[in-house]
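**Student:** Sequence:
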Amino acid sequence: MSDVLRYIGQGLAYALMALLIGALASWPRLAEWPAEAAQIKLSFVHGAQRKVECRRLSSEEIAKLPPSQRRPNTCGRERLDLLVQLEIDGQLIYDEVLPPTGIARDGPARVYKKFRVSAGKHAIVARLRDSSRREGVDFEQKAEVTLAPEQSLAIDFMADRGTFVFR
Numbered sequence: 001m002s003d004v005l006r007y008i009g010q011g012l013a014y015a016l017m018a019l020l021i022g023a024l025a026s027w028p029r030l031a032e033w034p035a036e037a038a039q040i041k042l043s044f045v046h047g048a049q050r051k052v053e054c055r056r057l058s059s060e061e062i063a064k065l066p067p068s069q070r071r072p073n074t075c076g077r078e079r080l081d082l083l084v085q086l087e088i089d090g091q092l093i094y095d096e097v098l099p100p101t102g103i104a105r106d107g108p109a110r111v112y113k114k115f116r117v118s119a120g121k122h123a124i125v126a127r128l129r130d131s132s133r134r135e136g137v138d139f140e141q142k143a144e145v146t147l148a149p150e151q152s153l154a155i156d157f158m159a160d161r162g163t164f165v166f167r
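Read in the numbering used here, the sequence shown has 160 at position 160, and its numbers run on one by one without any break.
Any given hint might turn out to be false.
To be verified - Mimicking BS3-like on lysine-lysine, the simulated pairs with C-alpha atoms at most 30 Å apart in a straight line are: (1) 51 x 64; (2) 121 x 142; (3) 142 x 113; (4) 113 x 41; (5) 114 x 41; (6) 142 x 41; (7) 51 x 142; (8) 113 x 51; (9) 121 x 41; (10) 114 x 142; (11) 51 x 41.
Said to hold, decoys possible - Simulated DEER-style distance windows between Cβ atoms: (12) 37 x 167: 32 to 38 Å; (13) 25 x 4: 30 to 36 Å; (14) 33 x 71: 48 to 54 Å; (15) 142 x 21: 26 to 32 Å; (16) 26 x 105: 46 to 52 Å; (17) 28 x 4: 34 to 40 Å.
No lab work stands behind these hints: they were computed from the structure.
In this text, a Cβ means the ideal position worked out from N, Cα and C, and glycines have one as well.
Work the whole structure out from these sequences, hints included.
**Tutor:** In structure tokens, the structure reads:
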């Protein structure tokens, strides 16, 4: 009889723990975003142009190199900083200069940023400068989007196409 009581007690203890875990998993409800808001994510990785242009080596310079390192051009590794801007409904909400990654500053710059916006229609302008120019931008993309409540819009940059993608 004591084995039966022990099994019943063990079953009740497991059921109580399962109920407690279930209750704590669903309550209190964590809401990171208000139900009526939408989200815009700016996320991409892009390598800017090189800081120093590649140059052609002379035949004397090529001859001085070891045979395994002979090449017609030499290029510096360091890349320029990226200027990234995001404008929503005429208001500039993101304006950053992003340094390249890596010890030698030769890697791509990375951006991942979330913005909370109201649901509805929005005019979005994304801009990027990856060259040595001082004024203006190299890439600019405009879009009119309509966001539903709790919808997430991702903005990416496609370097091979030279354009921003809104999806």
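**Student:** Which constraints among the numbered hints does this structure fail? Numbers only, ascending.
**Tutor:** 12, 15
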